[in-house]
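Please build the complex by placing chain B on the supplied structure of chain A, with the hints as guidance.
Residues per chain are reported as follows:
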Amino acid sequence: MTEPTDADNDLAQTSRRRFLHGGVAIGGTALAGGLVGRGDALAAEGDNLPPNVPEWMRVPGDPMGSQPYGTPSPFEKNVVKNISKNLPQYLSASGRTPLQDLDGIITPNGLFYERHHGGVPTIDPAQHRLMLHGLVDRPMVFTMDDIRRFPSQSRIHFLECSGNPVYKKPYGKTASDLVGLLSCAEWTGVSLKLVLQEAGLQPGAKWVVAEGADAAALTRSIPIEKCLDDAMLVYSQNGERLRPQQGYPLRLLLPGFEGNMNVKWLRRLHVTAEPAYSREETSKYTDLMPDGSAREFTFYMEAKSIITRPSGGQRLAAKGFHEITGIAWSGHGKIRQVDVSVDGGENWQQAQLQEPILTRALTRFRLPWHWDGSPAVIQSRAIDETGYVQPTLAELLAVRGDNSFYHNNAIWPWHVAADGEVTNAANA
Amino acid sequence: MLPMRRVRFTSLLTLMLACAARAEAQDHYGIGRTATPAEIAGWNIDIGAHDGSGLPPGRGSVSHGREVFEQQCAACHGDKGQGGVGDRLVGGQGTLGTPNPVRTVGSYWPYAPTLFDYIRRAMPQNAPQSLSNDDVYAVSAYILNLNGLLPADATLDAKTLAAIKMPNHDHFVGDPRPDVKNPDCTSNCK
Chain A
1 MTEPTDADND LAQTSRRRFL HGGVAIGGTA LAGGLVGRGD ALAAEGDNLP
51 PNVPEWMRVP GDPMGSQPYG TPSPFEKNVV KNISKNLPQY LSASGRTPLQ
101 DLDGIITPNG LFYERHHGGV PTIDPAQHRL MLHGLVDRPM VFTMDDIRRF
151 PSQSRIHFLE CSGNPVYKKP YGKTASDLVG LLSCAEWTGV SLKLVLQEAG
201 LQPGAKWVVA EGADAAALTR SIPIEKCLDD AMLVYSQNGE RLRPQQGYPL
251 RLLLPGFEGN MNVKWLRRLH VTAEPAYSRE ETSKYTDLMP DGSAREFTFY
301 MEAKSIITRP SGGQRLAAKG FHEITGIAWS GHGKIRQVDV SVDGGENWQQ
351 AQLQEPILTR ALTRFRLPWH WDGSPAVIQS RAIDETGYVQ PTLAELLAVR
401 GDNSFYHNNA IWPWHVAADG EVTNAANA
Chain B
1 MLPMRRVRFT SLLTLMLACA ARAEAQDHYG IGRTATPAEI AGWNIDIGAH
51 DGSGLPPGRG SVSHGREVFE QQCAACHGDK GQGGVGDRLV GGQGTLGTPN
101 PVRTVGSYWP YAPTLFDYIR RAMPQNAPQS LSNDDVYAVS AYILNLNGLL
151 PADATLDAKT LAAIKMPNHD HFVGDPRPDV KNPDCTSNCK
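Going down the list, the sequences are from chains A and B.
So the first sequence is residues 1 to 428, counted in this note's numbering.
So the second sequence is residues 1 to 190, counted in this note's numbering.
The shape of chain A in the complex, shown without the other chains (with noise of 0.2 Å):
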């Protein structure tokens, strides 16, 4: 129904070239080149497609081994991290998903979201340590060995980047571009509290400062309250361990907290009385207010949604039914409810929840649409099990103006062009 605005039949003509000439490997060289000159012969638009029989039901596929490592089609090349060109630097740098490319609520660990600070650090697990230490009744250090002989859990959780995205124009074109700092997965570890009771915690424990063992060494501090409830020393991510870009072999999960306390490559927890206040507590991750005043330790994502399709960049092919769908998600638990409004924000209906909806998780939604072929503004808004509402960005504006830089989670518009081109309105 909808179709990238990149020429998709270039990818698809350079794609197959490459595999009628060899450069996709085929394996089973005794064969390969008999097959090139068959291929060459078949090199005609249309002689994949009925009646003729396609090409690659006639000849042997890849044998066995081919991927070790499995990686997707070469057809989907184009669909990988969003990283901007033109970024000062890229040791301190962000990568969005694609999340107009994906379907459900589970994001492939290639194309989860990254933000770090000093680079991805190279780390041997067998060469780290986990120290426990502060208010405790017996400073500790674990191996990894260790963290894994805990009771361990599995829970699907999001984790976003809290400047995701900005409050001033220029808005983002795409759904990547505008919340790409958003994934969720299936994280295994151990609780955080099972931890922090195996140390023992000494009264006066107010806080729990987090480092990471990477060249940033970056230091948030977490709320005891928090490490007591559902955090979690995450060591598995969808199944296989950690990527070295989401903190391997060990990160905290702070569920529904910004990203940026999700510390990775977690080698230190200093239990304390105070928070450190540390330069990212501070000078980052801050919210300047119109009256200067700045406010601190927001750590919760507050309910947001968006409609991935159609979205910018994508451009309905025709008339006639569409699905729109989206995610939605909050830090303060289950999303109840995603009102879709197809006329600019006059009348909202109720969109279909896909199960499972899941607390601090992304949930899918869907609404069967029928466009009509006339210019239209689409939207969707969250309201979380707390009763709270996704704002527009007006609402929030008004309250924030546009020097707050995190926490973002306003309704992102689309605009649907009479030739079906979808833009951001909110840049209009």
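Derived from the structure by calculation, the hints contain no laboratory data.
Treat each hint with caution, since some may be false.
[As the list claims (entries may be wrong)] According to the in silico footprint, chain B covers these stretches of chain A (three or more CB under 8 Å from chain B):
hint, segment
1, 277-284
2, 296-302
3, 344-350
Beta carbons: idealized from backbone N, C-alpha and C, even for Gly.
Chain B in isolation, oriented as in the chain A frame:
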């Protein structure tokens, strides 16, 4: 005899059940080992932002800080801390409540010890934790001097750094959210 046996059996069963329950949920698993004071001292570089606790011995002057800054920092932050690839470090005081706020160490950072902490743990970006404590004090002194918060002839150490009150210290507030209300209109909303 029989009642006695029953009692004994019940007690044993209770004990066994209690043990089984303990195996499922217990406070201590006997996993991990005690960290030694030397290990903690080597890794714990945290500093108390309020009182400067944890600041190491050492000292550095503004003038020495200028030299270190030119060698280690200026390439990214500009020769006068005006910014470049790295953040702007200097100026901006009085701009935070205006349409074009300039957030720097001088205008925005609430605690002076955090400056030492961040430089020591994360700077320079190409070689973090490579500067001596004296050099970190010196660079901190120079950046504070560029912001008008330390005289040009000053020398910084743990005590003097902790005593500096940053201009924006009193302008941080807690999280008041939910602060924005959507009336949740569903029909004829405009």
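Hints, one by one, checked against the model:
1. 277-284: holds (count 5)
2. 296-302: holds (count 6)
3. 344-350: With 6 residues in contact (Cβ-Cβ under 8 Å with chain B), the coverage given for the segment 344-350 of chain A holds.
Hint compliance for this structure: no hint is broken.
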